[in-house]
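Listed below, chain by chain, are the residues.
There are 2 protein chains.
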Amino acid sequence: MLGRVRTAVAQLVGGLGPAPGAQHPRDSPAPPPAAPGPSACRGPPVGGGFSRPAFLQLTSEELQRADDHAGRAVQSPRESRRRLPWSTGYAEVINAGKSQHNEDQACCEVVVVDRRCSPRCNPVPKECTGEQGRKDLYFHYWGLFDGHAGSGAAVMASKLLHLHICDQLRDLVDILQDSSPPPLCLPGIALELPAERNRAPLAQADVELPSDALPRFHLEKAVSHESLVIGAIENAFKRMDEQIEREQMTRLVAGGCCALAVVYLLGKVYVANAGDSRAIIIRNGEIIPMSREFTPETERQRLQFLGFLRPELLGNEFTHLEFPRRIQHKELGKKMLYRDQNMHGWAYKRIEEDDLKFPLIYGEGKKARVMATIGVTRGLGDHDLKVYNSNIHIKPFLSCVPEVRVYDLTQYEHCPDDVLVLGTDGLWDVTNDREVADVVTEVLMGYEPNDPCRYTMAAYELVVRSRGVLKERGWRLANDKLGSGDDISVFVIPLGGPGNYT
Amino acid sequence: MLGRVRTAVAQLVGGLGPAPGAQHPRDSPAPPPAAPGPSACRGPPVGGGFSRPAFLQLTSEELQRADDHAGRAVQSPRESRRRLPWSTGYAEVINAGKSQHNEDQACCEVVVVDRRCSPRCNPVPKECTGEQGRKDLYFHYWGLFDGHAGSGAAVMASKLLHLHICDQLRDLVDILQDSSPPPLCLPGIALELPAERNRAPLAQADVELPSDALPRFHLEKAVSHESLVIGAIENAFKRMDEQIEREQMTRLVAGGCCALAVVYLLGKVYVANAGDSRAIIIRNGEIIPMSREFTPETERQRLQFLGFLRPELLGNEFTHLEFPRRIQHKELGKKMLYRDQNMHGWAYKRIEEDDLKFPLIYGEGKKARVMATIGVTRGLGDHDLKVYNSNIHIKPFLSCVPEVRVYDLTQYEHCPDDVLVLGTDGLWDVTNDREVADVVTEVLMGYEPNDPCRYTMAAYELVVRSRGVLKERGWRLANDKLGSGDDISVFVIPLGGPGNYT
Numbered sequence: 002m003l004g005r006v007r008t009a010v011a012q013l014v015g016g017l018g019p020a021p022g023a024q025h026p027r028d029s030p031a032p033p034p035a036a037p038g039p040s041a042c043r044g045p046p047v048g049g050g051f052s053r054p055a056f057l058q059l060t061s062e063e064l065q066r067a068d069d070h071a072g073r074a075v076q077s078p079r080e081s082r083r084r085l086p087w088s089t090g091y092a093e094v095i096n097a098g099k100s101q102h103n104e105d106q107a108c109c110e111v112v113v114v115d116r117r118c119s120p121r122c123n124p125v126p127k128e129c130t131g132e133q134g135r136k137d138l139y140f141h142y143w144g145l146f147d148g149h150a151g152s153g154a155a156v157m158a159s160k161l162l163h164l165h166i167c168d169q170l171r172d173l174v175d176i177l178q179d180s181s182p183p184p185l186c187l188p189g190i191a192l193e194l195p196a197e198r199n200r201a202p203l204a205q206a207d208v209e210l211p212s213d214a215l216p217r218f219h220l221e222k223a224v225s226h227e228s229l230v231i232g233a234i235e236n237a238f239k240r241m242d243e244q245i246e247r248e249q250m251t252r253l254v255a256g257g258c259c260a261l262a263v264v265y266l267l268g269k270v271y272v273a274n275a276g277d278s279r280a281i282i283i284r285n286g287e288i289i290p291m292s293r294e295f296t297p298e299t300e301r302q303r304l305q306f307l308g309f310l311r312p313e314l315l316g317n318e319f320t321h322l323e324f325p326r327r328i329q330h331k332e333l334g335k336k337m338l339y340r341d342q343n344m345h346g347w348a349y350k351r352i353e354e355d356d357l358k359f360p361l362i363y364g365e366g367k368k369a370r371v372m373a374t375i376g377v378t379r380g381l382g383d384h385d386l387k388v389y390n391s392n393i394h395i396k397p398f399l400s401c402v403p404e405v406r407v408y409d410l411t412q413y414e415h416c417p418d419d420v421l422v423l424g425t426d427g428l429w430d431v432t433n434d435r436e437v438a439d440v441v442t443e444v445l446m447g448y449e450p451n452d453p454c455r456y457t458m459a460a461y462e463l464v465v466r467s468r469g470v471l472k473e474r475g476w477r478l479a480n481d482k483l484g485s486g487d488d489i490s491v492f493v494i495p496l497g498g499p500g501n502y503t
Numbered sequence: 002m003l004g005r006v007r008t009a010v011a012q013l014v015g016g017l018g019p020a021p022g023a024q025h026p027r028d029s030p031a032p033p034p035a036a037p038g039p040s041a042c043r044g045p046p047v048g049g050g051f052s053r054p055a056f057l058q059l060t061s062e063e064l065q066r067a068d069d070h071a072g073r074a075v076q077s078p079r080e081s082r083r084r085l086p087w088s089t090g091y092a093e094v095i096n097a098g099k100s101q102h103n104e105d106q107a108c109c110e111v112v113v114v115d116r117r118c119s120p121r122c123n124p125v126p127k128e129c130t131g132e133q134g135r136k137d138l139y140f141h142y143w144g145l146f147d148g149h150a151g152s153g154a155a156v157m158a159s160k161l162l163h164l165h166i167c168d169q170l171r172d173l174v175d176i177l178q179d180s181s182p183p184p185l186c187l188p189g190i191a192l193e194l195p196a197e198r199n200r201a202p203l204a205q206a207d208v209e210l211p212s213d214a215l216p217r218f219h220l221e222k223a224v225s226h227e228s229l230v231i232g233a234i235e236n237a238f239k240r241m242d243e244q245i246e247r248e249q250m251t252r253l254v255a256g257g258c259c260a261l262a263v264v265y266l267l268g269k270v271y272v273a274n275a276g277d278s279r280a281i282i283i284r285n286g287e288i289i290p291m292s293r294e295f296t297p298e299t300e301r302q303r304l305q306f307l308g309f310l311r312p313e314l315l316g317n318e319f320t321h322l323e324f325p326r327r328i329q330h331k332e333l334g335k336k337m338l339y340r341d342q343n344m345h346g347w348a349y350k351r352i353e354e355d356d357l358k359f360p361l362i363y364g365e366g367k368k369a370r371v372m373a374t375i376g377v378t379r380g381l382g383d384h385d386l387k388v389y390n391s392n393i394h395i396k397p398f399l400s401c402v403p404e405v406r407v408y409d410l411t412q413y414e415h416c417p418d419d420v421l422v423l424g425t426d427g428l429w430d431v432t433n434d435r436e437v438a439d440v441v442t443e444v445l446m447g448y449e450p451n452d453p454c455r456y457t458m459a460a461y462e463l464v465v466r467s468r469g470v471l472k473e474r475g476w477r478l479a480n481d482k483l484g485s486g487d488d489i490s491v492f493v494i495p496l497g498g499p500g501n502y503t
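These protein sequence lines are chains A and B, in that order. Quick note: the numbering used here has the first sequence finishing at residue 503, numbered continuously throughout. Quick note: the numbering used here has the second sequence finishing at residue 503, numbered continuously throughout.
It should be emphasised that the hints constitute simulated quantities derived from the structure, not laboratory data. Any given hint could turn out to be false.
Remember, identical chains collapse to one label, so a pair may be satisfied in a single copy or spanning two.
Said to hold, decoys possible - In silico EDC-like links for lysine to aspartate or glutamate, alpha-carbon gap of 16 Å or less:
#1 K368 with E294
#2 K396 with E313
#3 K368 with D179
#4 K99 with D68
#5 K368 with E221
#6 K222 with E365
#7 K350 with D172
#8 K335 with D172
#9 K239 with E227
#10 K239 with D341
#11 K367 with E221
#12 K336 with E313
#13 K336 with E353
Here chain A stands alone, though its shape is the one from the complex:
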């Protein structure tokens, strides 16, 4: 069970004054702490209904308009209302009737991390009281959540993932702000020690080969501050996934979601991706990929390896081998191209009865599927997802652990046009990194460097261009190709300011 977490929407970065009509606290710690326990995610809109990110502050009329799958109005934060932290730009649009409710969700917050005090530390030691000049720790946070099979998991993750990250960081508040290497071991609660096991032979382990293979028990691996933050984010995704699982048992939360989360902490940007959303940095016109997509094709070998080691997960309906097409029963005995879990290349094998099963991984590109069901292999939720008309669970093949990439903001002098762009697959399905970079650069050139709305205008333009214009033959791009019929959500985050990087 997670401890309670105090979170705060802290003051806007860069000295922008409160916008008229703002309803969020700005200059003080936030209202009663939200705990990432089950209670925090109860009630609408989790599990159904239609909701949009709180930071859009839509009126009920506007919410209704945003839910119009025919009109597909592009939404972004209004200048007259609240401005997003870090001058972040944002825009989104609903899908063209692909699913009933918009399945993208987003979050943009500044979160204050409280030190964790041991429940047994009584009286409270000074280091828990914020005395002795110890600095508070806070992080900036952006999240995009692309849901499938219902909006429940995406809504829940958008409201809670940053609190889980906060919770994972609570043990690290002082460690991360201390320049000395992190301690390998921390004091803990004393346990009743069981009798020491006899650990021979390894207690005096020696090996015959090679001669330099003697285990070195005195080894100590150095662990960096950065890898602690990565570990905290990875574990936060796991806890978030466990919480969704608990909620799904009560049927309040449906489906799963891809999650792309960005944390700015102590000078570094951590981009954590689990799914097929994408993040790129555009710096001086150059593109730096900050994520990769996790799909049945990119994770084929991990999935096949699991199916090979745990064939019972395949339910006697699937084979872990890959084939370039379905095999027909009459082809038994012929030779067919195949790929095993440890192969990158293809070879021929004689077709046996077992090869008639459906391949665990099947299809190409956007049509590739795990067990004929799902096209992404990492994300949150999906605990109840089964192969159609069967009792075979998909979840064991999905991973909730993100890949985290790190970008050190202090290593480069950024100009106002250098940005981090986050987008769900609705954006990237119809455009590529270069085109996105060109659009962003073009839009930003049209605004003064200190115009706070320029990043939202860039996000807006990206969404409009990838959605296209409604013509007789559907939504069309400028080149008359089909526009993206999916939800599209985009953050444009300036790297050059107005953040205070120190």
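Once you've looked at the hints, dock chain B against the given chain A.
Chain B alone, transformed into the frame defined by chain A:
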């Protein structure tokens, strides 16, 4: 059981005439076909004794001198004897007493691939007779094998791996030379068809989510010629490993080996690496890595994943979790940094009884070990390798499958100084890519571009410089640091000629 394979040491490439004293057939297919069956690897020196690559053609006196671990004479092909195919340069030296017998082995051959004829195709169809203008297929081959715990596996692989590659290519002779895409299915021997299974629900599979997830049964994946060659090399490594396993049962073959194999076929160079040897291309001074090393550190997650899924392989002595140092019994209940199989970062966990086990992966850099025993995670052999003083097998954690990288020789106009360098870890332990490139460039500049011995001189210089000079305090490099005390074997292969690339 593998079919018989006819192999040939074909004519030297580039029109170099037979060297005086050459004992190998040159201009005609080789002597009676060697079959990569068990019989082909019987007798000395497999399993013991001391042997050097046949292409060195050492006299018994020279062999004795090569076995001198104190003198460490550098060996390379003598100009007066046989020259290696493709003007290949080669040099090697024995270790400084690290192990009794030199554990590196090497091979350099040209292999002719015969079409496979079905044993049932009687009378022999025309396509099996080489008529109808069908071209023969041959490949150039270079292999380096760095043995451990005995020379048996390395010797056996050096004599047979290319025959296994040849065997895997036999089905592909015509397919690879046909410009149309490879057929997905080949005719085979008809089997007695069992009654068709009821494959519902997937026979009419549909899925609820996402809406575009319907399986497309009519999909056909395009497979390239290149990926067939990669698959053939991968499967050849597997068959080689199986053959070593069969031999090890009879105790004739000891130990295991890293394997780095290069195949030149139809204009492309395939570099297959399983272990910690390394291949780089030096082209116009630029370095192109052609392999990566497989070690407990680079393959940590694959190994931990296996230990996590199959804890019985850890024999109740090891934990799949990684810790930065050994945990002491008295630390139970404290918090320690750890890394799980799906993490890149580190986090703290409360130490439990199970965490006192030895970590599956432990140590850093060259000292990293799997189960405190072995420092490489891919290679051939090691079927009998166990954790010291226990019955825990290491082999399940090792992979015999290489990573194959491809370089298209036809895409670039190579000059005589562009080379592919292959080296065992004895070379790379004391030098880096840049230094190797500089030495090679420096040596090659000292010889005429058409001097056939220039590549052997480059290999020779690389070996001499990484071995160092024997001083009072051992073998020392030019900078007085310790030289490599390991076996060192190096191929230098010219990319610009004299090969005929078409």
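Check the structure against each numbered hint from earlier and tell me which ones fail, lowest number first. 3, 9, 12
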